[in-house]
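K.L.:
From first to last, the protein sequence lines stand for chains E and B. Numbering-wise (the working numbering), the first sequence opens with residue 11 and increments by one. Numbering-wise (the working numbering), the second sequence opens with residue 30 and increments by one.
Any given hint could turn out to be false.
As the list claims (entries may be wrong) - Heads up, incomplete: computed chain B residues facing chain E, CB under 8 Å, no partners named:
| hint | residue |
| --- | --- |
| 1 | Gln39 |
| 2 | Val43 |
| 3 | Gly87 |
| 4 | Leu96 |
| 5 | Gly98 |
| 6 | Val130 |
| 7 | Met133 |
| 8 | Val144 |
| 9 | Gly145 |
| 10 | Met160 |
| 11 | Met162 |
These aren't lab readings, by the way, just hints derived from the structure by calculation. Every residue, glycine too, gets a C-beta built ideally from N, C-alpha and C.
The chain contents come next:
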Amino acid sequence: MCIGPPPSSQSYLLGDRLIEVAQRTGAQAIHPGYGFLSERAWFARAVREAGLVFVGPPAEAIEAMGSKTDARQLAIRAGVPVVPGTTEALRDADEAMAIAESFGFPVLLKAAAGGGGKGMRVVRERHELAAALGSAQREAKNAFGDDAVYIEKYLDGPRHVEIQVLADMHGTVLHLGERECSLQRRHQKMVEEAPSPAVSPALRARMGETAVAAARAAGYVNAGTCEFLLDRDGSFYFLEMNTRIQVEHPVTELVMGLDLVQWQLRIAAGERLPFEQKSFEPRGWAIECRITSEDPGNGFLPSTGRITHLHLPSGPGVRWDGGIEDGSEVGLHYDPMLAKLIVHAPTRALAIARMERALRELVIDGVETSRGFHLRLLAHPDVRSGDISIQWLEAHLAELTSAPPHEETVRLAAIAAALAAQHDRGLTSDTAHAARRDGTLEGWRAVARREGLRT
Amino acid sequence: MKYIVEVAGQRLTVELDGPDVLVDGTRLRAALETIDGTPVRLVRVGDAVHRVIARRSGARGDYTVSLDGWQLPVTALDERTRAIRDAAAASASASGPAPLVAPMPGLVVRVQVAVGEEVTAGQGLVVVEAMKMENELRAAGPGRVTAVHAVAGTAVDKGTLLVELEAL
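Take the sequences, apply the hints, and build the full model.
P.N.:
Set out below in structure tokens:
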């Protein structure tokens with residue numbers, strides 16, 4: 011069934027049209043995926059009111075977790091830790107000092123109307139606070155016409171660690187451990203792994219219980235994810251809940267040995283979760299690379315065109331969740347993610363080695379992709395040792411994109427190009443060789459003589 | 030046949046001599062094999078076999094070579110053509126900085142410069158939206174704007190001329 015033309019505003023974002031197509035085809039349920047309308051409460055409600063099943067949480071739970079501020083209030087009421095700070099504008103420096111001392115330095119001053127780093131100050135020492143507040147307020151006033159400034163605890167190099175939750179309609183809420191998603195560019199995740207190199211079994215249990223508490227407080231059903239910032243000292247703070255399946259769910263599937271999307275459907279059909287919490291221990295290590303049609307050598311500009319050749323990696327522990335094939339047209343209507351390459355291996359080091367092998371085997375010809383960038387990223391010592399934070403990738407972007415190739419690669423490229431140029435001239439090295447052996451005789455005359463001798 | 034090959038800012042001499050190649054004078058055994066139905070070519074150097082895609086791009090001798098996770102622009106020309114190309118480049122470089130063209134199709138969101146304005150290397154000139162992302166297109170080098178063809182709100186194809194520049 012065609013739901014409409016390529017622009018999503020005329021197809022995937024038209025809830026009524028999707029419901030109509032579902033009814034015409036006799037579908038009983040709609041799985042909203044992880045983009046478009048997957049986190050729209052009105053769509054979940056419209057599906058329910060049309061007599062169909064929405065494969066996801068109830069509309070009310072989507073609303074409860076809908077905005078970061080609502081989710082934060084809900085988390086505080088449920089006893090879930092959030093980044094300490096105020097939600098009201100600071101009156102003066104004395105109030106700022108009292109609040110800062112309640113959770114300790116460093117602190118972050120943040121313009122209420124903020125954006126682009128304007129009206130933002132990191133304050134590391136108590137004596138700097140009053141002056142920083144004054145300048146943040148002036149900057150906010152100039153930039154946004156509003157000098158309201160908040161204060162919150164500043165986390166130095168935290169990680170993005172999220173907990174997968176699964177809840178049925180009968181009151182069972184379980185967590186499936188964490189995913190480490192710190193490697194992000196412009197808030198877009200590029201590489202995810204499970205488990206996290208920074209999470210011990212004890213911390214996993216504590217974060218898991220916290221995520222389960224947040225999900226219960228929202229009346230959550232089906233698969234969802236609680237996102238946390240994990241500080242270097244092991245403290246963690248709830249950010250928000252994604253009320254849908256996530257792009258990176260395969261890494262959890264591989265280390266936990268179950269099919270999350272199948273369980274989404276079974277939960278939506280009313281089944282009970284037959285698992286116990288203690289059955290979810292991560293086995294081995296899984297890594298996912300998001301293969302996008304972006305050109306890392308050119309500021310990550312999107313690349314379009316036709317996939318002229320596709321060769322997929324294979325072998326044990328290699329999974330490809332792709333949306334492309336030979337001849338696919340990569341246009342500008344949708345997100346640049348072409349596919350996800352996921353590997354599973356007994357240890358983190360083996361998983362990295364397996365991912366490197368799979369990335370080398372992958373051939374996508376016709377559009378620029380992030381494949382080579384992923385290889386350079388995985389080769390970096392910080393990534394290999396797992397010493398990463400949410401700021402790591404942005405801070406190392408220039409180093410990763412401008413690194414020159416090895417001498418050996420340069421030499422090989424030169425040989426390949428020379429051989430290709432020779433081949434493309436239609437002059438094989440054999441005839442050239444024969445012509446040279448012939449002394450003064452040019453190649454074409456040699457060929458003409460051979461032709462002349464043919465019977 | 031002797032090729033002058035430009036890659037990663039370097040110039041290498043690759044001489045093809047029957048089953049051998051001489052790279053800057055070092056002799057190696059090397060061969061290329063095509064695989065029918067795919068753009069992949071097998072390049073054997075010594076005992077190692079590498080899977081390589083050498084896609085033709087632009088002018089004669091220009092290739093985009095994909096190998097070991099790298100995509101490298103490479104130009105492989107025989108000595109004579111290389112000399113002609115160098116002479117042409119020397120006279121062209123006097124004609125000023127390259128104009129800004131759209132690197133992909135998209136929608137012009139903002140034009141950040143006007144005719145007569147002096148721009149520095151790396152300065153954002155035009156913002157184009159594609160794939161839900163805004164991309165700032167920057168000046169490759171310093172110059173003065175002589176013409177602005179980009180109009181906010183209009184769609185552009187890949188290769189559309191957006192801004193023309195002259196040397197300061």
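K.L.:
Look at each hint and say if it fits the structure.
P.N.:
Each hint, compared with the structure:
| no. | hint | result |
| --- | --- | --- |
| 1 | Gln39 | 6 Å, holds |
| 2 | Val43 | 4 Å, holds |
| 3 | Gly87 | 13 Å, violated |
| 4 | Leu96 | 6 Å, holds |
| 5 | Gly98 | 4 Å, holds |
| 6 | Val130 | 12 Å, violated |
| 7 | Met133 | 6 Å, holds |
| 8 | Val144 | 25 Å, violated |
| 9 | Gly145 | 27 Å, violated |
| 10 | Met160 | 4 Å, holds |
| 11 | Met162 | 7 Å, holds |
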